[in-house]
Amino acid sequence: MNKIFTSLVFLIISGVIVLGLALPIPNIPALGDKARVLYFHVPMSWISVLAFFMSMWYSIRYLKTKDHDYDIRSYSCAQLGFLFCILATATGSLWAKFSWGSFWNWDPRQTSIFILLLIYGAYFALRSAIDSEDQRAKLSSVYAIIAAVTVPFFVFIMPRIVESLHPDPIINTQGKINMDSSMLTVFISALTGFTMLYLWMLNLKIRVEKINYNKLSLND
Amino acid sequence: MLLKNSYLVFKKDLSSELRTRYVINSLLMFVLVTISIIRFAIGDEKADNEILTGLLWIAVFFTSVSGLSRTFVKEEEKETSVALKLSTGSDSVILGKLIFNMVLTFSLNALILFLFVIITDYQIKNLPGFLIVLVFGNLGLVSASTIIAAIISKANSKGTLYPVLSFPVLLPLLITVINATKLASLGVETDKLFGEIQILISYFIVVTVASLMLFKYVWED
Chain A
2 MNKIFTSLVF LIISGVIVLG LALPIPNIPA LGDKARVLYF HVPMSWISVL AFFMSMWYSI
62 RYLKTKDHDY DIRSYSCAQL GFLFCILATA TGSLWAKFSW GSFWNWDPRQ TSIFILLLIY
122 GAYFALRSAI DSEDQRAKLS SVYAIIAAVT VPFFVFIMPR IVESLHPDPI INTQGKINMD
182 SSMLTVFISA LTGFTMLYLW MLNLKIRVEK INYNKLSLND
Chain B
3 MLLKNSYLVF KKDLSSELRT RYVINSLLMF VLVTISIIRF AIGDEKADNE ILTGLLWIAV
63 FFTSVSGLSR TFVKEEEKET SVALKLSTGS DSVILGKLIF NMVLTFSLNA LILFLFVIIT
123 DYQIKNLPGF LIVLVFGNLG LVSASTIIAA IISKANSKGT LYPVLSFPVL LPLLITVINA
183 TKLASLGVET DKLFGEIQIL ISYFIVVTVA SLMLFKYVWE D
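Chains A and B, in that order, give the protein sequences. Going by the numbering used here, the letters in the first sequence line up with residues 2 to 221, in that order. Going by the numbering used here, the letters in the second sequence line up with residues 3 to 223, in that order.
Excised from the complex, chain A in its bound form (with noise of 0.2 Å):
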């Protein structure tokens, strides 16, 4: 089961590599083939999300049954989704570079991803400044929640400063995706075999600190 699970997460991230290089790209007003930043970004971006609230939603079980477990799969998914908001950072300010003319210009989509890596730094600054394995799984637990309860503000924040000047007004049209029907399956491939490899990815970190919270308990 498993070595199916990575073959196929294999080959379609092989695919939308390749695909989402080779294949051509419909003409998208001011985007052209800078487009194709699209496969990897936007799936980067969601993950770091979905770990995000992934990690908040294991802290709720940690604190609702006590069991280490959760703590482990909280502070796995916490790792992940800050290894992929790096990656989406810097996928996006490649992509701005060369369509906005600067690397950095705290556009609202910047500022919000510029916030995660500041919530996902702080959580693991806390974890490291906690010595009993209980008080460190229960305070980051809390403050997870907390960091998680803040966040949707800036959906409702990030409109009323500054407009954004983020493509998805551009691809995404009145809640329509204006994107030819090669480049959406290149698009849906590439945000399931990243989704795939993340889950691949988080099950080994479980597994490898499951073993190592094991071998400091057989210590003490």
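Do not rely on the hints blindly, as some may be mistaken.
Quick list of in silico lysine to any residue cross-link-like pairs, SDA-like style, CA-CA up to 25 Å [to be verified]:
#1 K67(A) / T90(B)
#2 K160(B) / A149(A)
#3 K65(A) / T90(B)
#4 K160(B) / A126(A)
#5 K218(B) / L95(A)
#6 K87(B) / I131(A)
#7 K184(B) / F155(A)
#8 K65(A) / V208(B)
#9 K67(A) / S83(B)
#10 K218(B) / I203(B)
#11 K218(B) / D70(A)
#12 K76(B) / R137(A)
#13 K87(B) / I61(A)
#14 K65(A) / V84(B)
#15 K87(B) / Q136(A)
#16 K87(B) / L214(B)
#17 K80(B) / Q136(A)
#18 K35(A) / I131(A)
#19 K184(B) / T112(A)
#20 K184(B) / P109(A)
#21 K76(B) / V25(B)
#22 K87(B) / A130(A)
Source of the hints: derived by calculation from the structure; they are not laboratory data.
Go by the hints and put chain B onto chain A.
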């Protein structure tokens, strides 16, 4: 019963504060120092309202960051938290501390605003709107800072950790409140600020409810 106990926790904090001056003295000096730094940084230049509002919020943010964590850190440092745990439930502790922090923040902010207006010649064109925004902004600021203070009181390196943890949580509030106070100081009418005020109120409610629900996990061992 809950309200009475919260009031007792608040009264205990207030009278212990008035007796020992654990935070007040250093905070007053902190406000004075911050405002003087702003004064010397501006010099004789005439700064416009957009910059002055930003400077005002830097002073407010760092004052609350250095002051509000003390309520919980004090209990851990003086090892009184066990006694407090024995005396009353976690709900009344968080409510009492919230009220105490609110009183502290409101009085400090009144002082900051007063000194700031005197020193930098800050013109507020729509004063009622400005004050309404400031009050609701402070409510949210206090409730988020209080639960984070409870979290860091159990961690090492409390002083540096506090701004790191509170900044990303407070950022939605800060962006809104800075924007709204800037508009009010430029003379935008209060009913045009209604959207911002709505965000501030809902932030306060959401964070307060979340902290009331989560505090018992932080407080009880």
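For each hint, the structure was consulted:
Proposed proximity of K67(A) and T90(B) is supported: the alpha carbons are some 24 Å apart, at most 25 Å. Between K160(B) and A149(A) the alpha-carbon distance is near 22 Å, which keeps this suggested pair within the 25 Å criterion. A distance of roughly 23 Å separates the Cα atoms of K65(A) and T90(B); the hinted pair therefore holds under the 25 Å criterion. The hinted pair formed by K160(B) and A126(A) meets the criterion: a straight-line CA distance of about 11 Å does not exceed 25 Å.
Distance check on the hinted pair: K218(B) and L95(A) sit about 45 Å apart at the alpha-carbon level, beyond 25 Å; violated. Distance check on the hinted pair: K87(B) and I131(A) sit about 21 Å apart at the alpha-carbon level, within 25 Å; holds. A hinted pair counts as satisfied when its Cα atoms are at most 25 Å apart, and K184(B) with F155(A) qualifies at roughly 19 Å. The hinted pair formed by K65(A) and V208(B) meets the criterion: a straight-line CA distance of about 20 Å does not exceed 25 Å.
For the hint pairing K67(A) with S83(B), the CA-to-CA distance comes to about 23 Å; that is within 25 Å, so the pair holds. A distance of roughly 24 Å separates the Cα atoms of K218(B) and I203(B); the hinted pair therefore holds under the 25 Å criterion. Note on K218(B) and D70(A): the hinted pairing holds, with a Cα-Cα distance of about 21 Å set against a maximum of 25 Å. This hinted pair checks out: K76(B) and R137(A) have alpha carbons roughly 20 Å apart, not beyond 25 Å.
In summary, the hint linking K87(B) to I61(A) is supported, as the alpha carbons are separated by about 24 Å, within the 25 Å threshold. Of the supplied pair hints, the one linking K65(A) and V84(B) holds, its CA atoms being roughly 24 Å apart against a limit of 25 Å. Simply put, K87(B) and Q136(A) have alpha-carbon atoms about 17 Å apart, close enough for the 25 Å limit, and the pair holds. Our distance criterion of 25 Å between C-alpha atoms is met by K87(B) and L214(B), whose separation comes to about 16 Å.
For the hint pairing K80(B) with Q136(A), the CA-to-CA distance comes to about 20 Å; that is within 25 Å, so the pair holds. At most 25 Å may separate the alpha-carbon atoms for a hinted pair to count; K35(A) and I131(A) exceed this at roughly 45 Å. A distance of roughly 20 Å separates the Cα atoms of K184(B) and T112(A); the hinted pair therefore holds under the 25 Å criterion. With a C-alpha separation of about 19 Å, the suggested pair K184(B) and P109(A) falls inside the 25 Å cut-off, and the hint holds.
Using a Cα cut-off of 25 Å, the hinted pair K76(B) and V25(B) holds, with the two alpha carbons roughly 10 Å apart. Between K87(B) and A130(A) the CA atoms are separated by roughly 24 Å; this keeps the pair inside 25 Å, and the hint holds.
The structure is inconsistent with the numbered hints 5, 18, although it conforms to all the rest.
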